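S.K.: Protein chains in written order, with the working numbering: chain P, 1 to 186; chain W, 1 to 186.
Calculated directly from the structure, the hints in this document are not laboratory data.
Treat the hints with caution; some may be incorrect.
If several chains are the same, the list does not tell them apart, and a pair holds so long as it fits within one copy or across any two.
List time: in silico DSS-like cross-link candidates among lysine-lysine, alpha-carbon distance up to 25 Å [claimed, not checked]:
(1) K47 to K185
(2) K170 to K36
(3) K7 to K133
(4) K138 to K56
(5) K174 to K144
(6) K148 to K170
(7) K133 to K185
(8) K170 to K119
(9) K138 to K89
(10) K148 to K36
(11) K119 to K138
Everything numeric in this text was worked out from a predicted model, so none of it was measured.
Protein chains: 2
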Amino acid sequence: MSVTREKIMELGEDLIRTRGYNAFSYQDISSELGIKNAAVHYYFPSKESLGTSIVKTNMQRFEEMVENLQSRNFDEWSQLETFMKIYVKSNRELKLCIIGSLGPDLNTLNESIRSELKKMTERILQWLSCILKNGLEKGIFSFKGDPKDRALLIFSNMVAGLQLARILEKTDFKAIHQAILDDLKP
Amino acid sequence: MSVTREKIMELGEDLIRTRGYNAFSYQDISSELGIKNAAVHYYFPSKESLGTSIVKTNMQRFEEMVENLQSRNFDEWSQLETFMKIYVKSNRELKLCIIGSLGPDLNTLNESIRSELKKMTERILQWLSCILKNGLEKGIFSFKGDPKDRALLIFSNMVAGLQLARILEKTDFKAIHQAILDDLKP
DNA sequence: AAATATACTTACTAATAAGTAAATTCCAAA
DNA sequence: TTTGGAATTTACTTATTAGTAAGTATATTT
């Protein structure tokens, strides 16, 4: 794998998560990396190919985290906390998550990014409801209603939590983070 | 008030809520309204002036709703439901709310839009926590923790609920809507 | 009737966008 | 030592962007 290619993807993801998909250009990337505009097009012929790769990589990272958690036999509470730590870190770095960044731009994105984003969102919600369901059965969690609905509520708390923290200029994510966990305590 | 000016603001808001701030242009507005680009600049010299006006109008509409609810002596449950209906309607119209649309673009917006957006977000959260606090004291609602934190959770559910519904291509907002209300039932 | 203000259009500018074709540099294998 | 491919730059195109200066038609006021 090319180092330049990796740097482009890393910077592209940063730009999407700080400024949004439609607010960054290949120039932003090339000037920051000290290369020319055309060099970015060499690795990613179109902006949509770059966007699609970034979302795919994000999903791979999520899958790696899931596998890691399973292999270490973490209980549901720890698994949820590990997942939530990703958002705590995002907030500290003043970044949104990729889903919360690209979601509002969805109607301006091509089918390839859209479907990857949908796939990733469905996968996260599926994983989260599974954790919640198992945790509920084991008595680790306590909540009303269907685990699927609960997963949607918790996930939307995290996605918009980052956005609202940015608007409100809150550097800590504690309020939402703690409230979600308190809600789930038996 | 000029009809053209109102049409520009209405269309501008629609564009922000469907495609995002950085994805719409004065051309989009002028061609749709059958006027020239410069005519839009006549009413709103800069895009930031248009954006700021749109956010201010949104906040005015919110304040009008609040006053209306208070004058009619609605109980807390009905007040919350009325507020949530705005989001149900947004979802039906395939639009995000203005806060969820502009939040991710915040770093690309000028100070004027930013501060208006912050003011509006703070005002909504303040109102919502007040409703929750009063409803809790009257026994209309039941929830754990501070009303302020609860307001943040519920509001983030609505903001990201619209975004996730768009990504997942869900035309109904029922799951989130119902789960929020069920959670608050005594 | 003359002056003024409102609501635009015409006709532009300068900057930036994504994207491309062709040339070039550089390194490794044959 | 030549050949070939990978990684880039050069130099460009076409389209779109926000924004502006100057002009015009229409209505309103003086």
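S.K.: Next step is simple, just say for each hint if it's right about the structure.
M.R.: A quick look at each hint next to the structure:
no.	hint	in the structure
1	K47 to K185	neither (44 Å within a copy, 47 Å between copies)
2	K170 to K36	neither (37 Å within a copy, 41 Å between copies)
3	K7 to K133	neither (39 Å within a copy, 49 Å between copies)
4	K138 to K56	neither (33 Å within a copy, 49 Å between copies)
5	K174 to K144	both (23 Å within a copy, 16 Å between copies)
6	K148 to K170	between (29 Å within a copy, 14 Å between copies)
7	K133 to K185	both (14 Å within a copy, 22 Å between copies)
8	K170 to K119	between (31 Å within a copy, 14 Å between copies)
9	K138 to K89	neither (29 Å within a copy, 38 Å between copies)
10	K148 to K36	neither (47 Å within a copy, 49 Å between copies)
11	K119 to K138	neither (29 Å within a copy, 43 Å between copies)
Of the numbered hints stated above, those contradicted by the structure are hints 1, 2, 3, 4, 9, 10 and 11, listed in ascending order.
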